[in-house]
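**Student:** Chain by chain, the residues:
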Amino acid sequence: MRPWLEPAGWIAALAVAGGLVWGEGGRRAALERRVAVAPRELYRTLARSQAGLQVVDVREDLEASYGDAHVPGAIPLPACDLARAPERARSRLVRSAPTVLVGATGAEDETRRCAALFTSARTLAGGMAAWSEANLPEDSGDYAPPSSKAGGGCL
Amino acid sequence: MKTQLRILLAAALVALLAGWAGLRSGNAALAARLAGAPAAEAAR
Chain A
0 MRPWLEPAGW IAALAVAGGL VWGEGGRRAA LERRVAVAPR ELYRTLARSQ
50 AGLQVVDVRE DLEASYGDAH VPGAIPLPAC DLARAPERAR SRLVRSAPTV
100 LVGATGAEDE TRRCAALFTS ARTLAGGMAA WSEANLPEDS GDYAPPSSKA
150 GGGCL
Chain B
0 MKTQLRILLA AALVALLAGW AGLRSGNAAL AARLAGAPAA EAAR
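Just so you know, the sequences run in chain order A and B. Under numbering that gives the first Met the number 0, residues 0 to 154 are what the first sequence spells out, in order. Under numbering that gives the first Met the number 0, residues 0 to 43 are what the second sequence spells out, in order.
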């Protein structure tokens, strides 16, 4: 047997196994992005730390829905349309930041189009309705950018 | 090739395959959960 054959065989076997793990890992990451965030889970995350996570409110009617009640610190982006977002909110949106999209009911078709705008976006399960139902803190009125990090806000 | 090196390589291969199998079954469970229970997510 040629001396290089055995090391080459091991390398090939390890490369194939590594490739399988890599592929499944990628699939896991893609699946995890589709898992909706429960309202309490989002609340805990926001309460623990504001760093990095942005909450984007994509409900259609800015005045009636966002103005009435929204997740504290949420950035309004009505119907995922940048042109309809308030000027101050537009500049706060960070495409690469981990994002939680808040719709009215959490239906997938509500947020699917928006998810493409962000590198990593998940949906709030049950939308704003579930957030309110869970009696979690809400803000009302127009968007006011936080003084510190992007997407932040105080609970 | 030394036997010890063979054992080491074989262990690495087994670990990778076990990791792959674990990820695969986890992914299947997650995919099933995503396909079947959006309402349960909301209630969680």
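These are calculated hints, taken from the structure and not from any lab test. If you're wondering where the values come from, they're calculated on a predicted model, not measured in any experiment. The reader is advised that the hints may include incorrect statements.
[To be verified] Partial selection, computed: residues in chain B whose CB lies under 10 Å from chain A:
| hint | residue |
| --- | --- |
| 1 | L15 |
| 2 | L16 |
| 3 | R32 |
| 4 | G35 |
In this text, a Cβ means the ideal position worked out from N, Cα and C, and glycines have one as well.
**Student:** All hints, please: hold or fail.
**Tutor:** Status of each hint after checking the structure:
| no. | hint | result |
| --- | --- | --- |
| 1 | L15 | 4 Å, holds |
| 2 | L16 | 5 Å, holds |
| 3 | R32 | 8 Å, holds |
| 4 | G35 | 13 Å, violated |
The structure fails hint 4 only (numbered hints given earlier).
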